[in-house]
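Chemist: Listed below are the residues making up each chain.
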Amino acid sequence: MFPAAFDYRAPTALDEALAILKEHGDSAKVMAGGQSLIPLLKLRFSRPEMVVDIARIDGLNTIKRDDGHVVVGALARHADIERSQELAASAPLLPEAAHWIADPLVRNRGTLVGSLCHADPSGDWGSVILAMKADIHARSSSGERVIHGTDFLKGPFETALKPDEVVTEVRIPVGKGRGGGAYLKLERKVGDFATVGVAVHLHLQGDRIEIAGIGLTAVGPKNIQAVEAERFLHGKQATDEVFAEAARLAADAAEPNDDTRGSAAYKKDVVRVFVQRGLKTAVQRAREAGA
Amino acid sequence: MATEVHMHGRIGESIKRKEDARFIRGKGNYLDDIELPGMLHMAILRSPHAHARVKSVDTAAASAMPGVIAVVTGELMAQHKLAWMPTLSYDTQAVLATDKVRFQGQEVAAVVAETLYQAEDARDAIVVDYDVLPAVTSPDQAKQSGAALIRDDKENQKDNHIYHWESGDKDTTQAAFAKADKVVRLHTFYPRCHPAPLETCGCIADVNGATGKATIYMTSQAPHAIRTVFALVTGLPEQNIRVISPDIGGGFGNKVPVYPGYVVATAASLLIGRPVKWVEDRNENLISTGYARDFHMTGDLAVDKDGKMLALRVHLDSDNGAFFADAQPTKFKAGLFHIVTGSYDIPTAHITADGYYTNKAPGGVAYRCSFRVTEASYMIERLVTNAAIELGIDQAEFRKQNFIRKDQFPYHSATGWVYDSGDYHRAMDVALDQLGYKEMRKDVEARRKKGEVTGIGIASFTEVVGAGHGADFDILGLRMFDSAELRVHPTGKAMLRMGTKSQGQGHETTFAQIVTEELGIPAADVAVEEGDTDTAPYGLGTYASRSTPVAGAATAMVARKLRDKARKIAAHLLEADEADLEWETGRFYVKGSPDKAKTIQEIAFAAYTNLPEGMEAGLEGVHYYDPPNMTYPFGTYAVVVDIDKGTGQVKVRRVVAVDDCGVRINPMIVEGQIHGGLTEGFGIAFMELITFDADGNCIGSNFMDYLLPTAWETPRFELGETVTPSPHHPLGAKGVGESPTVGSPAAYVNAVIDALTPYGVKNIDMPVTSDKVWAALRAAGVNE
Amino acid sequence: MSPNLVGLARKVSMTVNGAPRSGDVEPRVLLVDFLRSNLRLTGTHIGCDTSSCGACTVLIDGEPVKSCTQLAVQVDGRSITTVEGLATAAGLSPMQIGFHEEHGLQCGFCTPGMMLVGTALLERNANPTEDEIRWAISGNICRCTGYMNIVKAIRHAAMLREQSEVVQREKAGVASGGE
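Residue numbers (my numbering), protein chains in the order written: chain A, 1 to 291; chain B, 1 to 784; chain C, 1 to 179.
Source of the hints: derived by calculation from the structure; they are not laboratory data.
A portion of the hints provided could be inaccurate.
[Stated by the list, open to error] Capping the alpha-carbon separation at 25 Å, the derived lysine to aspartate or glutamate pairs in DMTMM-like fashion look like this: (1) 81(B) - 58(B); (2) 64(A) - 84(C); (3) 561(B) - 13(B); (4) 64(A) - 144(A); (5) 406(B) - 306(B); (6) 189(A) - 84(C); (7) 27(B) - 131(C); (8) 645(B) - 120(A); (9) 772(B) - 252(A).
[Claimed, not checked] A few chain C residues that don't get close to chain A, going by computed Cβ distances all over 12 Å: (10) 18; (11) 27; (12) 67; (13) 97; (14) 168.
From the three backbone atoms N, C-alpha and C, an ideal C-beta is built for every residue, glycine too.
Given the sequences, and given the hints that come with them, work out the whole structure.
Modeler: Structure (C-alpha cells):
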C-alpha cells in the first residue's frame with residue numbers, strides 16, 4: 001500500500017523540470033496533482049526512480065482566452081475548469097465534463113493535462129479533446145511542438161509524448177457563432193470510471209450541422225473519435241433521423257470489451273443512446289448560444 | 001442533600017449520544033491509533049493463486065532487509081503447532097500455508113519490522129514457489145466427480161462436500177405439494193458480498209514475557225469468546241490473556257471471526273518479546289476476511305386456487321470457501337435459514353441445505369445477516385412476489401391474505417420457530433398508507449401507458465434475533481447468554497459494563513437509558529463500558545442484532561436487582577415497611593406521603609454510609625441473561641423505481657420502510673440503524689459483488705471493483721413504525737440493527753421485477769446492474 | 001523514534017491546524033502517514049488502498065483532499081486542517097455541533113472527513129441544498145448512517161453559521177434586511 005522508494009524534485013521553473021527529465025528519461029515520472037500517479041505508485045504498478053513535481057512552476061495553471069482559442073494550462077485542476085467563468089462562456093463542454101470526473105476530492109487536485117497524459121482509455125478528457133479538435137502543446141529542453149488531439153493518444157496509457165517532454169497547455173478552438181456540446185457519462189457510482197462516456201460538440205450554420213466532434217470514452221484501447229459519424233453529420237439538418245443515424249455510426253466505431261461493467265453489446269448500445277441524446281442536447285445549446 | 005434530579009434519558013427519549021464527544025474531536029481510539037512502546041509492524045504475504053501446492057518459501061532476502069526483525073512462515077508456525085487453528089464451525093483453517101494454498105489471498109508468510117513501510121518492502125522480497133492446481137469456483141463445480149479435492153489436509157474428507165442439513169417435514173410437505181393447485185418456483189443466487197466496514201481488521205499483540213500477560217488489542221465484536229478461543233488454541237492461560245476491543249469503525253459481522261493475522265501477530269509477539277501490530281489493508285480485508293451470502297437457492301411455493309399458501313420447499317447450495325468458518329450458532333449449519341417461511345402462515349415446509357468447499361475465502365455469515373436470515377428473507381420475499389405476479393394477485397394483497405394473524409402469536413412455524421409477537425397486517429397497512437400505494441399503482445399504470453418503465457416492490461420480512469437460549473444457541477459450546485454488571489457509586493453515579501461490544505450502534509447511550517428507566521439515574525450519570533475482557537462480564541458480543549434482546553435484558557434485570565436492594569435501604573432510611581413504599585422513577589416514597597421520599601442518589605450514598613443491620617455494603621450486581629426465546633422484529637418495506645430504457649439504469653424514486661422492533665429505547669438511534677441498513681441493502685441489491693474468474697482470481701477485492709454507494713446514489717428513506725412489544729423481553733424490545741439489510745434487498749429487486757413484468761421478466765439476480773436490466777429490456781424488444 | 005526515516009529522507013514543513021509542524025520523511029511517505037505517525041494526529045483515518053473512500057480527507061489551503069493520495073513532500077509550505085483543528089478555544093465548530101445534534105455519526109470512522117468536507121462546502125456555499133450537500137460528500141463513503149443524518153448535520157451547521165452571522169451583524173449594528 002506504500003510506494004517503493006523514489007527520489008523527488010519540485011522545480012519552480014519549467015526549464016529546471018525539463019533538464020531533470022532529459023537526464024532521467026524513462027525512469028522519471030512527471031506529477032501535477034498526483035491523483036493518477038500516486039495510486040499507481042502505491043500499488044507498485046509504477047516504480048520510477050524520480051518523481052518530478054511540476055506543481056510549483058508558476059504560470060501553468062491559467063485558463064484564458066487567446067484569440068480563437070481557449071487555453072487550459074497544465075496545472076489547471078478539474079475543479080478550476082468546473083468553476084471557470086471563461087470556459088462557461090466560451091467552451092461549456094469542458095466544465096460539464098469536469099463535473100463528472102472522479103469525485104469532488106480528486107477534482108481539487110487532479111488536472112486536465114495530467115489526466116490526459118495518463119491516457120487511461122476510461123479517462124474523460126481524451127474524448128473532450130477529440131470532440132473539440134484541441135491541440136496539445138509540449139515542451140522539452142530541445143524546444144516546443146504542437147501535437148494535434150487526434151495524434152496524442154496512442155493506446156492504453158500511451159501518448160505521443162517523449163520521455164523528456166512536458167505538456168504545458170491544451171488549446172481548444174472556440175469558433176464564433178452557434179456552438180454547443182454535451183458530455184454524457186454512465187458510471188456505476190460516483191468515483192467509478194466510465195462504463196461509457198460520450199463527448200459531443202458541434203457548430204450550426206443555420207439549421208445545418210457544420211462541424212461535429214464525437215469522442216468516446218471507455219469503449220476502446222484509447223478514446224475513440226467517431227469519424228464516420230462526424231463525416232455523416234457534416235452539412236446535415238439537425239433532425240431526429242440524422243441523430244439516430246449518426247448514433248448508429250458512432251456505436252459501430254466503438255470497440256468495447258466484455259467486462260464487469262457490461263457486455264460489449266451493451267456498451268455499444270449505450271454509445272448509440274448517448275450520442276443520440278448528446279446530439280439533441282448539443283443542437284439545443286447551439287441554438288441557444290446563437291440566439 | 002439535593003433531591004431534584006432531572007430524569008433525562010428514559011426509554012423512548014431520543015437523547016443525543018454520549019460517545020459522540022470523542023469522535024467529533026477526532027479523538028476516537030481505534031486500533032490503528034494505538035501505539036505501544038517498542039511496537040513492531042507486521043505485513044502478511046498472500047497467495048496470488050486460488051489453488052496451488054507450496055513447494056518452497058524463501059525468506060533469506062527478506063530477512064536481510066532494513067528494519068526486519070523476523071519473517072514468519074507456515075513451517076515456523078507448525079513447529080509451535082499453530083499452522084492451523086479451529087474455526088467457529090468446528091473445522092480447521094490454515095494460519096499460514098504449509099502444504100497448499102486454497103484461495104487467492106490466503107496467508108502464506110509474514111514480515112515483522114520496525115516500520116510498516118519496511119515490512120512491506122521486505123514482504124516483496126519473499127520468494128514462493130507454487131505448483132498451480134485447478135481452481136474450484138462454485139458449488140456446481142465442487143460437486144463434480146472429477147473436481148479437485150480442496151481439503152486433502154482433512155483425513156476423512158473425500159470430496160468437497162461439507163454438510164447436509166435439513167429442517168421441517170419432508171413427507172407432509174411432499175403431500176401438500178402433490179395436492180396443490182399451483183406451484184411457483186424461483187431459482188435465485190444471492191451472490192457473495194462483503195460487510196466492508198470502513199475500518200479494516202487488525203490487532204496489536206503484546207505478549208509480555210516478564211509478566212506472563214498477553215494483552216491483545218483487537219477489532220473484535222466478541223472479545224470474550226476470542227479470549228477463550230485464544231486460550232484453547234495457543235495454550236496461554238486464560239487468566240493471563242486480556243483482549244481489549246477499542247473503538248471499532250464498523251463491524252457488520254466482519255469482526256467476529258478469528259483471523260490468521262491475529263494468531264500470527266500473537267505468535268510473533270511471543271517469540272520476539274515486543275508488541276506486534278497488524279492492520280490489514282482494504283485489499284486484504286475484501287479478499288480474505290469473512291464474506292457474506294453466496295447461497296444458490298431454489299424455492300417452491302405451493303398454493304391453492306384461492307391463493308392460500310400450502311407449503312414451502314427450499315433447497316440451497318452454500319459456497320463456503322476453502323474452510324468452513326461460518327460464525328453462527330453451532331447447531332445450525334445453515335444458520336437460521338429455516339426462518340424462511342417468513343411472515344406467512346405456511347402449514348408445512350421442508351428445507352435442505354448442502355455446503356461445499358471452494359477455492360475462495362472462508363466466512364459466509366456476516367454483513368448484518370442475523371445468521372443467514374438475509375438469505376432466507378430474500379428467498380421468500382422474491383418467491384412470494386413472483387407467485388403473486390403469476391397468480392395475477394396484487395403483491396400486497398397476496399401477502400396480507402397469507403400473513404400470520406395477530407391472534408396467532410405466539411406462532412409455531414413449520415420449521416420449529418416460536419414467533420413471540422407480531423402484527424404484520426398493521427405494518428403493511430402503515431407502509432401502504434405512507435407510500436400512497438393505491439395512487440402509486442395508478443400512477444405506475446399511467447406512466448406505463450406513456451412508455452415508461454416503472455414499478456413498485458414490496459417486502460414483508462420477519463426477523464429472528466437475540467441469540468439466544470443457551471440450550472439451543474452456542475458458539476463453539478459457549479452458550480449465547482449475555483451479561484450486565486452495574487455499580488452505583490456513593491455519589492449516585494453509575495458504571496455499567498456488558499459482554500457486548502458496540503461498533504457504532506450507540507451502546508454508551510442506549511444502555512445507559514435502560515438504567516435511567518429502571519433506576520432513575522440520569523443517562524448522563526451512567527458510564528457504559530464494553531470490550532475489555534479483564535473488566536467486562538463474560539458475554540458473546542455484538543452481532544446478529546442480539547445486544548438489546550440479550551444484554552439489554554440483562555441490564556434491565558440487574559438494574560431491577562439493585563432497585564430491590566435500594567427499596568430495602570429506602571425502607572431503612574424512611575423507617576417504613578418495604579411494602580409501604582412506592583417507586584416512581586428515581587425515588588421511593590411512602591404510600592400516601594409523597595414528601596416522605598428518598599432518591600436513588602440518597603439511597604446510593606446510604607449504601608456505603610448508612611445500611612440496615614446485616615446488609616452487605618454497596619449497590620452493585622451482575623446479571624447473566626439467558627433469553628427464553630428469540631425476538632422477532634418485522635416490517636414492510638416498499639420501493640418505487642424508474643428504469644431508463646436507453647441505459648438500463650435503475651433510479652430508486654421512493655423507499656418507505658416501516659419497522660416494528662418492539663419498544664424503541666432511543667428512537668433516533670433506531671432510525672439511524674435503519675438508514676444504514678437500507679443503504680447496505682441498496683448496495684447489495686444494485687452494485688456490490690465479489691466474484692471469481694475460472695482460475696479463482698477474485699474480482700472485487702478493492703473499492704474500485706467492490707462498489708459501495710455514495711450519498712449521491714443512495715436514495716432518501718421515509719421511515720414509519722409500529723410497536724408490538726416482545727412479550728418475553730423485560731423491556732418489550734426486540735433489536736433492529738439488521739432488519740433493514742434483511743428486508744430491503746428483496747424490496748428493491750421486487751420493484752425492478754415489477755417494472756419489468758410487462759415484458760415477461762421473472763428474475764434478475766443481484767446485483768441488479770444496468771447491463772442486466774438493459775439485456776432484459778432488449779430481449780423483450782424495448783428500446784430507446 | 002520518528003518512523004519512516006529511511007534513505008532519502010528530507011525535511012518537510014507545513015502549517016497544521018494553525019501551528020508550524022515539520023518532520024523528516026522519505027519522498028514516498030504519504031501525507032496521511034505523516035499526519036498519523038509523525039505528528040500523532042490520528043483523527044485522520046485510512047479506510048482503503050485505492051483512493052476510493054475519503055476517510056483520509058483533510059483540508060489543504062481550505063480545500064478537501066484525500067491525504068492518502070498526496071505525498072507529505074507535496075504539501076511542503078502549505079496549510080493543512082485536520083479534524084483536530086475544527087474546534088477552537090471558543091469551543092466546538094458549528095459542524096461538530098451539527099453532527100452531534102443530528103446523529104450524523106455512528107462508528108465515527110468517516111466522520112472527520114465528512115465534517116471537513118462539510119466545513120469547506122459551507123465556506124463556499126453558505127446555504128446548500130440537499131443535492132449540493134450529497135454531491136459535495138460523494139467522495140466520502142459512510143457504511144453506518146446511510147447519509148440521511150449527515151445531510152441534516154451539515155444543514156444544521158449551516159443554520160448555526162447563519163445564526164451566528166446574524167448575531168454578529170446585529171452586534172455590529174448592521175441592518176439585517178427589510179429596512
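Chemist: Confirm or reject each hint.
Modeler: Tested hints:
With a CA separation close to 21 Å, the supplied pair residue 81(B) and residue 58(B) stays within the 25 Å bound. Restraint check for residue 64(A) and residue 84(C): the C-alpha separation of about 39 Å exceeds 25 Å, so the hint is violated. As the CA atoms of residue 561(B) and residue 13(B) are separated by approximately 23 Å, the hinted pair is consistent with the 25 Å bound. Pair hint residue 64(A) plus residue 144(A) holds up; C-alpha atoms about 20 Å apart against a cutoff of 25 Å.
At most 25 Å may separate the alpha-carbon atoms for a hinted pair to count; residue 406(B) and residue 306(B) meet this at roughly 21 Å. Simply put, residue 189(A) and residue 84(C) have alpha-carbon atoms about 31 Å apart, too far for the 25 Å limit, and the pair is violated. In summary, the hint linking residue 27(B) to residue 131(C) is not supported, as the alpha carbons are separated by about 30 Å, beyond the 25 Å threshold. Restraint check for residue 645(B) and residue 120(A): the C-alpha separation of about 29 Å exceeds 25 Å, so the hint is violated.
Between residue 772(B) and residue 252(A) the alpha-carbon distance is near 21 Å, which keeps this suggested pair within the 25 Å criterion. With a closest Cβ-Cβ approach of about 21 Å to chain A, residue 18(C) is found to remain outside the 12 Å limit, as its non-interface label requires. A cut-off of 12 Å between C-beta atoms contradicts the statement that residue 27(C) is not in contact with chain A; the least separation is 3 Å. Its beta-carbon lying about 10 Å from the closest one in chain A, residue 67(C) breaks the requirement of being farther than 12 Å from that chain.
No Cβ of chain A comes within 12 Å of the Cβ of residue 97(C); the nearest lies about 23 Å off, and the non-interface call holds. No beta-carbon of chain A is positioned within 12 Å of the beta-carbon of residue 168(C); the least distance is around 28 Å.
When the structure is compared with the earlier hints, violations turn up for hints 2, 6, 7, 8, 11 and 12 and for no others.
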